[in-house]
Amino acid sequence: LFQVSDQKPLGCWSVKHGQVLTCPVVCNFETHEYIAVHDDKVLRIWKNEDINLDKVFKATLSAEVHRIHSLPNGGPVVLFRGGGVRTLDVLLEAPQQEIENIISDEVIKWSEAFMEGKQPVLIFTTEKDGDFFVYVQKLKTNTLHKYKLEQQELSKPMSFTAYIKNRIITLLCLCSNDCVYKVLVPLQQNTEEEEQILPKSLLLNLSVSGSVLKGTSFVVLDKDHIAVLGGLTASNEEPKECLTIWNTKFQTLQTSKELPLGTSGQLWCYEEKFFFTHGKVLTVIMYKCETSSLAAAVGKLKDGQTPDVSAFVNWNTLGYEELADSFQSQQSGALKYESTMALRSERNAVASVQPDDLSVGKLLLNLKDVPRRIFEDGIRQLMSQAQTLELQASIGSVVTALTNRYKANSNHYHRTFMLEIVQTYDLSYSLCPDLMAVALERKDVHLLQTCLLRFPDIPEEMTYACLEMFLSIDEDYLKYTDLDLDSVICYIDIESNNKEVKTEIVENGFSTEQEEGTWDTQLTEESSLTSDGELCPVGAQRAALLNAVLCSAYSEAFLLPHLKNLPAKQAVLFLRYLFYLYVKCSEKINTTLPGMSSPTISQIMDWMCILLDAHFTVIVMLPEAKLFLSSMHKFVRAQVRFYSELNKIEGSLQELQRLHHQKDPQTYSIEVLEII
Numbered sequence: 001l002f003q004v005s006d007q008k009p010l011g012c013w014s015v016k017h018g019q020v021l022t023c024p025v026v027c028n029f030e031t032h033e034y035i036a037v038h039d040d041k042v043l044r045i046w047k048n049e050d051i052n053l054d055k056v057f058k059a060t061l062s063a064e065v066h067r068i069h070s071l072p073n074g075g076p077v078v079l080f081r082g083g084g085v086r087t088l089d090v091l092l093e094a095p096q097q098e099i100e101n102i103i104s105d106e107v108i109k110w111s112e113a114f115m116e117g118k119q120p121v122l123i124f125t126t127e128k129d130g131d132f133f134v135y136v137q138k139l140k141t142n143t144l145h146k147y148k149l150e151q152q153e154l155s156k157p158m159s160f161t162a163y164i165k166n167r168i169i170t171l172l173c174l175c176s177n178d179c180v181y182k183v184l185v186p187l188q189q190n191t192e193e194e195e196q197i198l199p200k201s202l203l204l205n206l207s208v209s210g211s212v213l214k215g216t217s218f219v220v221l222d223k224d225h226i227a228v229l230g231g232l233t234a235s236n237e238e239p240k241e242c243l244t245i246w247n248t249k250f251q252t253l254q255t256s257k258e259l260p261l262g263t264s265g266q267l268w269c270y271e272e273k274f275f276f277t278h279g280k281v282l283t284v285i286m287y288k289c290e291t292s293s294l295a296a297a298v299g300k301l302k303d304g305q306t307p308d309v310s311a312f313v314n315w316n317t318l319g320y321e322e323l324a325d326s327f328q329s330q331q332s333g334a335l336k337y338e339s340t341m342a343l344r345s346e347r348n349a350v351a352s353v354q355p356d357d358l359s360v361g362k363l364l365l366n367l368k369d370v371p372r373r374i375f376e377d378g379i380r381q382l383m384s385q386a387q388t389l390e391l392q393a394s395i396g397s398v399v400t401a402l403t404n405r406y407k408a409n410s411n412h413y414h415r416t417f418m419l420e421i422v423q424t425y426d427l428s429y430s431l432c433p434d435l436m437a438v439a440l441e442r443k444d445v446h447l448l449q450t451c452l453l454r455f456p457d458i459p460e461e462m463t464y465a466c467l468e469m470f471l472s473i474d475e476d477y478l479k480y481t482d483l484d485l486d487s488v489i490c491y492i493d494i495e496s497n498n499k500e501v502k503t504e505i506v507e508n509g510f511s512t513e514q515e516e517g518t519w520d521t522q523l524t525e526e527s528s529l530t531s532d533g534e535l536c537p538v539g540a541q542r543a544a545l546l547n548a549v550l551c552s553a554y555s556e557a558f559l560l561p562h563l564k565n566l567p568a569k570q571a572v573l574f575l576r577y578l579f580y581l582y583v584k585c586s587e588k589i590n591t592t593l594p595g596m597s598s599p600t601i602s603q604i605m606d607w608m609c610i611l612l613d614a615h616f617t618v619i620v621m622l623p624e625a626k627l628f629l630s631s632m633h634k635f636v637r638a639q640v641r642f643y644s645e646l647n648k649i650e651g652s653l654q655e656l657q658r659l660h661h662q663k664d665p666q667t668y669s670i671e672v673l674e675i676i
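Counted from 1, the sequence shown has number 496 at position 496 by UniProt numbering; the numbering is strictly sequential.
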């Protein structure tokens with residue numbers, strides 16, 4: 001389970017060895033539960049807080065499941081391989097109920113569910129001996145209609161999609177002759193005919209300028225646009241996988257993008273976002289449909305040129321070429337880059353574009369080889385003109401432009417400018433994914449520290465890369481580096497070679513020096529062994545960098561494999577620093593470190609646990625770590641003993657609190673209560 005906007009994993013579940021998930025998992029929008037089927041007949045239902053699938057709800061069904069469809073207002077609908085359909089509620093009342101076999105020797109090729117008013121409707125297509133059939137199932141009235149698709153020579157349906165409007169289902173077929181056909185499927189069947197044949201009408205021919213698109217899957221965007229994923233082939237050339245968008249009203253290719261890393265051939269569309277696999281990652285691209293017009297469609301293929309790729313879709317999320325190169329504006333006119341959420345084409349002549357209207361792409365083309373100061377002034381002007389609602393996305397594009405400029409020429413590293421942007425605006429890793437990689441390459445630790453503290457969606461691989469560099473970078477390099485030391489300034493003496501500041505913090509009338517018991521004294525003596533006489537094992541600059549790592553969000557399952565690659569020497573150093581922080585937290589009543597952006601005791605303990613999980617065997621074998629591990633063990637054991645003693649008197653404390661609430665002293669008083 002992933003949060004797409006932040007690119008962060010939220011959960012992970014797996015079936016037992018030997019079991020196989022046999023249909024896509026869906027979410028029940030009404031109960032916020034997940035539904036899966038493994039081994040064709042075993043149904044599993046669970047929630048976010050469930051960890052082990054073996055312990056969640058299980059039901060064994062009497063027939064094999066083909067697919068589960070979940071409707072926002074209609075609940076989950078289960079389609080069986082024999083053509084039987086049940087709502088999940090009805091199915092759970094009697095999981096072993098008999099499921100009818102409707103389609104006999106036919107094989108289900110595709111299915112989809114819709115809401116017609118308040119009634120769920122399921123449509124699925126089947127194939128038998130080269131013939132294709134369409135079934136429409138209304139669940140509330142329990143009526144089933146069967147149709148046969150019109151056959152055409154040298155044309156076989158390969159992929160389907162559909163939408164419902166005005167009580168008519170429009171079924172689109174992507175066929176083997178590189179054409180898309182439209183079929184109108186009525187919800188009410190003419191009962192006089194035993195098998196009504198549905199005619200197909202040509203909607204779109206997937207060929208342009210001598211090239212043919214061999215589509216594998218497609219989706220409907222609106223009444224005039226479809227998106228097709230497939231291989232674009234030209235004469236005497238190898239096929240190139242592309243995502244293309246077509247205007248069905250004017251039969252034109254609206255825009256396209258080559259996908260050199262390859263795809264799985266599957267394409268999904270949800271809330272104006274494309275989802276498809278590109279290489280080994282799931283790519284999400286935002287798009288915006290505008291009213292189709294002849295003026296907008298004509299000119300996209302002017303003089304056989306490649307379609308204008310900046311209109312309609314923001315391809316910059318793919319991040320292969322420099323941002324400026326994705327704007328084909330030399331021949332077709334000026335383009336306005338509005339945001340990562342929406343891109344539109346302005347059909348103005350280049351000469352008529354005013355300086356105030358320059359887009360990121362056009363501005364970069366004009367400022368490509370200018371000095372740094374002029375370049376930054378131009379970008380600042382553009383940022384000041386960005387609309388408030390689209391400011392974040394526009395700033396993200398600016399940062400991407402700066403990193404791409406550096407990739408093209410390493411002399412163009414706008415360190416101060418990029419740091420200023422990250423400190424000023426609420427950005428995220430997903431808006432400028434190359435920024436931290438460039439900062440790592442340049443060893444720009446201040447920029448990395450700022451990103452770790454401000455970005456909510458940093459991948460675990462990048463977090464680990466920062467940690468490894470912070471632990472290995474030379475101390476002399478850090479001494480002359482400007483960093484944010486707010487998280488360490490209150491408990492590490494910056495002026496006296498990392499000696500601890502002896503500041504006394506008195507909280508609620510409690511002084512640690514005055515009130516510490518003998519066990520606290522013992523712990524202080526033991527902890528000094530791990531921190532070299534109460535000294536922090538790292539300098540203030542390195543401590544500030546490590547604190548930024550500790551404060552960043554992560555998923556343990558995704559971070560642990562990377563931590564195992566951390567060299568043993570660095571792992572021990574990091575563990576000693578974590579233990580130092582843990583001791584400092586334990587000295588205070590509220591177990592919190594002073595200062596801004598300081599890690600919490602929970603974050604410190606979580607990192608200690610995951611680091612020990614990753615390196616325990618290696619650390620135990622290191623001679624220099626034995627004394628440290630022994631001291632850490634004694635400290636933790638003493639704390640466990642102390643909290644165990646507190647648990648024993650918990651009942652007495654609660655009773656005293658109850659007695660105290662019953663009294664209502666009108667004047668100031670001091671009460672001495674003795675616990676026996």
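A couple of the hints might just be wrong.
Computed list of lysine to aspartate or glutamate pairs in DMTMM-like fashion (alpha-carbon distance at most 25 Å, straight line) [as the list claims (entries may be wrong)]: (1) K273 x E195; (2) K223 x E237; (3) K140 x E150; (4) K288 x D224; (5) K564 x E441; (6) K16 x E468; (7) K564 x E420; (8) K165 x E153; (9) K8 x E624; (10) K146 x E98; (11) K648 x D613; (12) K58 x E106; (13) K223 x E153; (14) K58 x E93; (15) K564 x E587; (16) K156 x E98; (17) K443 x D486; (18) K165 x D39; (19) K214 x E150; (20) K41 x E116; (21) K109 x E30; (22) K118 x D39; (23) K223 x E195; (24) K564 x D482; (25) K55 x E420.
Now the in silico label distances, taken between C-beta atoms and shown as ranges [what the hints assert, rightly or not]: (26) N48 x G130: 52 to 58 Å; (27) C27 x P239: 34 to 40 Å; (28) K273 x K128: 43 to 49 Å.
These aren't lab readings, by the way, just hints derived from the structure by calculation. Being a predicted model, the structure only gives us computed values, none of them experimental. Ideal Cβ positions, reconstructed from N, Cα and C, are used throughout, including at glycine.
Which of the numbered hints are not met once you compare them with the structure shown? 1, 2, 3, 6, 7, 8, 9, 11, 12, 13, 15, 16, 18, 20, 21, 22, 23, 24, 25, 26 and 28
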